[in-house]
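K.L.:
Listed here are the chains, written in short residue letters.
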Amino acid sequence: MYYYIYDNFLTEKKYQGIISKIESRLTDLGINGKIIRMSTFKNLSKTLNEDIAKGVKTIVVVGNDRTLNQLINLIDNLNLTIGLIPLGPDNNIAKLMGIPEGEAACDVLSSRIIQSLHLGLINKKYFFITYLELPSDNVFLNCDENYFINVSDYHDVISISNIFWGEAADKIPLSNNSGYINLIIKHTKKRLFQVKKENFSYFKTKTIELTSDRSVPILLIDEKRIIKTPVIISITRTKLNLIVGKKRFIS
Amino acid sequence: MLKEGSGHETDTIIGPSVKVEGDFVTEGNIIVEGTICGTIKTSQNIKVGPSSKIFANIWADNALVAGEIQGNLNIANKLELTASAKIFGDIKTAVLSIASGATINGKCQMTDNKNKSVRPEFSKQKKLELKNQNEVEKTA
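Protein chains in written order, with the working numbering: chain Y, 1 to 251; chain E, 252 to 391.
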């Protein structure tokens, strides 16, 4: 049984046409099912978990990265198959997973190629799929409770990722979805009348404890959410089963 | 050995702006351009860049050193020191290559004992016994 969750922003008029096309394509493929809309006033978690207990096996998110991230934090049991029909802005996860936008995603859904994905975990509570970014100013990183990393330049940018697609991805050998956290520190050297030089530091760890004597804003890319320190970041043992396309970048 | 462009097998890169303190243990290759204090252990290769400063004991399979190391080096296979390398500590390695200009302040011990020659056993006692035997044979 398929279960569809529509994001709140899809109630906008400009999405009505594409949604009706998607719904008719899903009916043609015989994979239509119950539809639920996200709302700020609705307690979606309760309804969702009740339906999962009744026997829902596949949940399809219609929306963007934010919608998918919200869903994984709503459900209690991750032993489900999650599908994604990308619509709207910020659909980086769909691009990485080879899922085309709009109606074409229905065919990917029906072909049902499943990829298991590790999830990042913040403070043993909050899940994330991709990465988070923070400034290096007064931040102390304790990796695997073995070694500390001090970043001397406060202009550096720290990225902590499970799956990463930033500019560093072309320059350093990142291992996406490997069960490890990638810690990337981008250092930019600026000098007057000279081309700025960039270099990257890269670490692979299991857990990172992030502390600071000040409040540091951490930007979670999936959902554009700000988290305050201290933070413990790790990778979950259980994996998320996501329906992906053939042209995916992650294996 | 570590060569230029072998970055795709590298597991850790410690850039020039980064300082690492503690026990750094990994299974993959390490490239160091920054500062490390503590210990470094890897089952693979380590490359120490010219601007790096390491205050640590190092255990690795192969090492290419161009920077400064204050600590002991335990290298299972090959240790290569470039002209800018400065070592303040003891070295244990199987194969050693030193470029002119490199500095070593410490003991150096080669660990490969496979090709060591065996000392022939010709003790004085055996020589006397052989001499006596020859004399007995002549008189007979």
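None of these hints come from the bench; they were simulated from the model. Treat the hints with caution; some may be incorrect.
As the list claims (entries may be wrong) - Subject to a maximum C-alpha distance of 35 Å in a straight line, what follows is the list of computed DSBU-like cross-link-like pairs (lysine-lysine):
1) Y:196 with E:343
2) Y:171 with E:337
3) Y:228 with E:292
4) E:377 with Y:206
5) E:337 with Y:189
6) E:389 with Y:204
7) E:304 with E:377
8) Y:239 with Y:190
K.L.:
For this structure, which hints from the list above don't hold up?
P.N.:
Violated hints: 1, 4, 6, 7, 8; rest satisfied.
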